[in-house]
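S.K.: Chain by chain, the residues:
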Amino acid sequence: GAVVSQHPSRVICKSGTSVKIECRSLDFQATTMFWYRQFPKKSLMLMATSNEGSKATYEQGVEKDKFLINHASLTLSTLTVTSAHPEDSSFYICSARGTGLPVTYNEQFFGPGTRLTVL
Amino acid sequence: AQTVTQSQPEMSVQEAETVTLSCTYDTSESDYYLFWYKQPPSRQMILVIRQEAYKQQNATENRFSVNFQKAAKSFSLKISDSQLGDAAMYFCAYGQGGSEKLVFGKGTKLTVNP
Numbered sequence: 013g014a015v016v017s018q019h020p021s022r023v024i025c026k027s028g029t030s031v032k033i034e035c036r037s038l039d040f041q042a043t044t045m046f047w048y049r050q051f052p053k054k055s056l057m058l059m060a061t062s063n064e065g066s067k068a069t070y071e072q073g074v075e076k077d078k079f080l081i082n083h084a085s086l087t088l089s090t091l092t093v094t095s096a097h098p099e100d101s102s103f104y105i106c107s108a109r110g111t112g113l114p115v116t117y118n119e120q121f122f123g124p125g126t127r128l129t130v131l
Numbered sequence: 053a054q055t056v057t058q059s060q061p062e063m064s065v066q067e068a069e070t071v072t073l074s075c076t077y078d079t080s081e082s083d084y085y086l087f088w089y090k091q092p093p094s095r096q097m098i099l100v101i102r103q104e105a106y107k108q109q110n111a112t113e114n115r116f117s118v119n120f121q122k123a124a125k126s127f128s129l130k131i132s133d134s135q136l137g138d139a140a141m142y143f144c145a146y147g148q149g150g151s152e153k154l155v156f157g158k159g160t161k162l163t164v165n166p
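These protein sequences, in sequence, are chains A and E.
Per the numbering used here: the first sequence = residues 13 to 131.
Per the numbering used here: the second sequence = residues 53 to 166.
This is chain E alone, in the form it adopts within the complex:
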């Protein structure tokens, strides 16, 4: 079974600084997708960024970018120019191609200090 590991239960960053959240996963499949979701205090899950495993280029969405290392099965999220509104729980998720389930990591609580 696929597993997703987020080794940092909590992280903090100063406003305007950069922070990287770690995620590793385990799979024997070659066709899959990876996601980072944000869950603010409102509890609404928001998709931050996604990456298809077959793409070598790292995905970017404005201040959010990933470092996808397929051989190492690593999928870290970098948040640049951190803002107070970035404070939230961040979940890394794995989706199997052809399947519809998502497997979530345990999450990283990000605090942004003013």
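In isolation and in its complexed conformation, chain A is listed as follows:
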């Protein structure tokens, strides 16, 4: 149980375009989803936390107008990188936690990640 999927796994886009990444919880209801960014050989940097039906909470230094997050249902959150530029190229990972799980451990279940390359 507790599977999280991401789509697409890889995406290449031109500078100035927008890219949408989907994160889905397949077998549980994700009340909270998290979006991370990971640079090569670096740790995970939390970008934002989203709760179903409410606005996302962004970490300091993350541009909310550039990284649009929507968590419209208990199984789907999306991250849209608007007007992407080469410096936005990175590995984006989502995670989720929610109901129907042993939530007492504060555990997050991670998606497989999306590699974004902006040309």
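These aren't lab readings, by the way, just hints derived from the structure by calculation.
One thing to keep in mind: the hints can contain errors.
To be verified - Quick list of the computed label-pair ranges, beta carbon to beta carbon: (1) E:Gln148 / A:Lys67: 35 to 41 angstroms; (2) E:Gly149 / A:Leu131: 42 to 48 angstroms; (3) E:Gln135 / A:His97: 38 to 44 angstroms; (4) A:Leu131 / E:Gln121: 26 to 32 angstroms.
Virtual Cβ for every residue (Gly too), placed ideally from N, Cα, C.
Could you slot chain E onto chain A? The hints should help.
M.R.: Here is chain E on its own, set in the frame of chain A:
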């Protein structure tokens, strides 16, 4: 703010041997959780083991065990009988009770030599 420190950027171990990865953290809270995550080359984050701060007993999961020293704020991971499939980046993470965020260390790259 809570911080997590992994002082070993890289470690190596011979197959079938034992290796210990270090992690220290800083917090003034009493209710928290600690985790070790594994990230293999596929980049999929996998939970290895977790520990609740209020539990004195060290967590174990098969070949993986932790040495949780609450007073010293230390949370090391011991991998016994290392296997080639254990080769990965290992991240130590801190989770605040009642909060949902995780704070990650910078990671330790583990190489397993045949």
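S.K.: Check each numbered hint against the structure and report the violated ones by number, ascending.
M.R.: 1 and 4
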